[in-house]
Amino acid sequence: MALETRPKFVGVLSCSGEEEPEGTIARNAVRLVMEKYRPGITVSLCLPLYLAGDSGEQEFAKRVPVIAVDGCEKACARLSTEKYSGEVSDAIDIRALLRQWGVEDELSRSHPRELEWELAERVAREIVRIIDRYIEEGKVAATNTR
Amino acid sequence: MSDKKVYVIPCSGIGKASASVGRDATYRVVEDLLPDRADTLCLALLTLEDEEAREKVRDNYVVAIDGCAKDCARKNVEAAGRAPDIAHRVQDYLKKHKDLKPEAVLDVGEGGRKLVEIMSEELAGEIVGLLEEDD
Ligand code: SF4
Ligand code: SF4
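Line by line, the protein sequences give chains X and Y.
The numbering of the first sequence is the numbering used here, which starts it at 15 and goes up by one.
The numbering of the second sequence is the numbering used here, which starts it at 38 and goes up by one.
Note that these hints are calculated values from the structure, not bench results.
Some clues are possibly wrong.
From the derived model, a few chain X residues whose C-beta atoms are all more than 12 Å from chain Y [claimed, not checked]:
| id | residue |
| --- | --- |
| 1 | Pro-21 |
| 2 | Phe-23 |
| 3 | Glu-118 |
| 4 | Val-154 |
BS3-like cross-link-like pairs, simulated, lysine-lysine; straight-line CA separation at most 30 Å [unchecked claim]:
| id | chain 1 | residue 1 | chain 2 | residue 2 |
| --- | --- | --- | --- | --- |
| 5 | Y | Lys-107 | X | Lys-76 |
| 6 | Y | Lys-93 | X | Lys-50 |
| 7 | Y | Lys-41 | Y | Lys-93 |
| 8 | Y | Lys-151 | X | Lys-50 |
| 9 | Y | Lys-41 | X | Lys-22 |
| 10 | X | Lys-50 | Y | Lys-41 |
| 11 | X | Lys-97 | Y | Lys-138 |
| 12 | Y | Lys-135 | Y | Lys-107 |
| 13 | Y | Lys-151 | X | Lys-97 |
| 14 | X | Lys-22 | X | Lys-97 |
Partial chain Y-side listing against chain X, Cβ under 8 Å, derived [stated by the list, open to error]:
| id | residue |
| --- | --- |
| 15 | Arg-60 |
| 16 | Tyr-64 |
| 17 | Leu-70 |
| 18 | Leu-80 |
| 19 | Ala-116 |
| 20 | Val-142 |
| 21 | Gly-146 |
| 22 | Lys-151 |
Note that beta-carbon positions come from the ideal geometry of N, C-alpha and C, so glycine has one too.
Could you build the full structure based on these sequences and the hints that come with them?
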């Protein structure tokens with residue numbers, strides 16, 4: 015029997031985004047994927063550990079395919095992963111997505127209302143689409159989906 | 038009076054309810070209690086070593102709020118070139134208010150919200166003290 019060497023998890027890494035409403039959407043979307051949509055297969059990391067942690071965190075992108083979820087074009091999650099750990103497999107820029115979706119409403123970074131939660135759900139579903147593609151393509155061994 | 042700003046920077050804690058408390062307390066301070074003097078900054082910009090963010094940290098006051106003993110906010114601020122003027126862990130407040138345990142990352146619950154209130158009031162007081170020292 016061939017030994018299974020493919021990663022069992024997908025890394026979904028949110029930027030911290032405290033300053034921006036899109037950053038809050040990024041964090042909430044990643045949590046929704048972890049808790050509600052793909053809990054068995056998703057792993058994450060507190061992004062500032064790339065700099066503050068031990069070198070273990072810097073193995074992240076070497077161990078699992080990473081989807082970087084950024085609030086804006088500054089792309090902190092994607093660029094930090096590339097700087098400290100390795101290439102990301104996919105990247106989402108929420109500000110660009112919202113433009114694409116025609117969202118022009120003023121959003122709150124601190125008090126997400128129905129709209130911000132709807133957008134977080136929508137971003138979460140985008141992330142899920144990417145995870146499911148990895149499973150279909152055999153990029154990850156999907157033994158733990160729920 | 039110094040025109041320096043106070044950047045309150047919570048850790049990004051994606052997996053800990055305590056980090057969500059720190060973030061909510063930050064928003065309460067910078068948006069409601071001291072909106073004219075305090076602001077926040079994306080911690081990830083410091084992780085990325087973004088020069089503009091590092092300059093903000095070096096030229097202003099900084100408060101670091103961490104959600105666990107890994108102290109990411111404090112350490113990322115230090116890596117930008119200076120120690121924070123005030124640094125706290127949410128756990129320090131929790132030790133004093135053991136009954137106010139936050140429930141979950143996405144919703145800290147009733148206890149968590151009370152802890153946010155207590156923490157933000159105390160933080161705002163400390164920040165005012167810091168600004169007065171400078172006058
Ligand atoms: S990508 Fe944008 S919103 Fe996210 S942490 Fe960086 S600057 Fe903030
Ligand atoms: S201090 Fe702890 S909870 Fe906060 S970002 Fe670092 S590891 Fe995560």
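Check the hint pairing X:Lys-97 with Y:Lys-138 against an upper bound of 30 Å on the C-alpha distance. With Cα atoms ~36 Å apart, X:Lys-97 and Y:Lys-138 exceed 30 Å; violated.
* **Interface hint outcome for Y:Val-142 [beta carbon to chain X under 8 Å]** => Nearest chain X Cβ about 6 Å off; hint holds.
- Item | 30 Å limit on alpha-carbon distance, applied to hinted pair Y:Lys-107 and X:Lys-76 | holds (22 Å)
For this session: Please work out if X:Lys-22 and X:Lys-97 have their alpha carbons no farther apart than 30 Å.
Result: holds (24 Å)
30 Å limit on alpha-carbon distance, applied to hinted pair Y:Lys-151 and X:Lys-50: holds (26 Å)
How about Y:Lys-151: closest beta carbon in chain X under 8 Å, or not? Hint on Y:Lys-151: violated, closest Cβ of chain X at ~17 Å, above 8 Å.
- [ ] Would you mind confirming whether the straight-line C-alpha gap from Y:Lys-135 to Y:Lys-107 stays at or under 30 Å?
- [x] Roughly 21 Å separates the two Cα atoms, so the pair holds.
- Message: Tell me if the interface restraint on Y:Tyr-64 is satisfied: Cβ within less than 8 Å of some Cβ in chain X.
- Response: Because about 4 Å separates Y:Tyr-64 from the closest Cβ in chain X, which is inside the 8 Å limit, the hint holds.
Does X:Lys-97 sit within 30 Å of Y:Lys-151, going by the straight-line distance between their CA atoms? Distance of about 39 Å is beyond 30 Å: violated.
- Task: May I ask you to test the interface hint for Y:Gly-146 with respect to chain X, counting a Cβ-Cβ separation under 8 Å as satisfied?
- Result: At about 15 Å, which exceeds the 8 Å cut-off, the nearest Cβ of chain X leaves the hint on Y:Gly-146 violated.
Just to be careful, I want the Cα atoms of X:Lys-50 and Y:Lys-41 compared with a cutoff of 30 Å; is the pair within it?
Outside the cut-off at roughly 43 Å; violated.
Would the stated hint for Y:Ala-116 survive a check requiring a Cβ distance to chain X of less than 8 Å?
Holds, about 6 Å.
The earlier numbered hints that this structure contradicts are 6, 9, 10, 11, 13, 17, 21 and 22.
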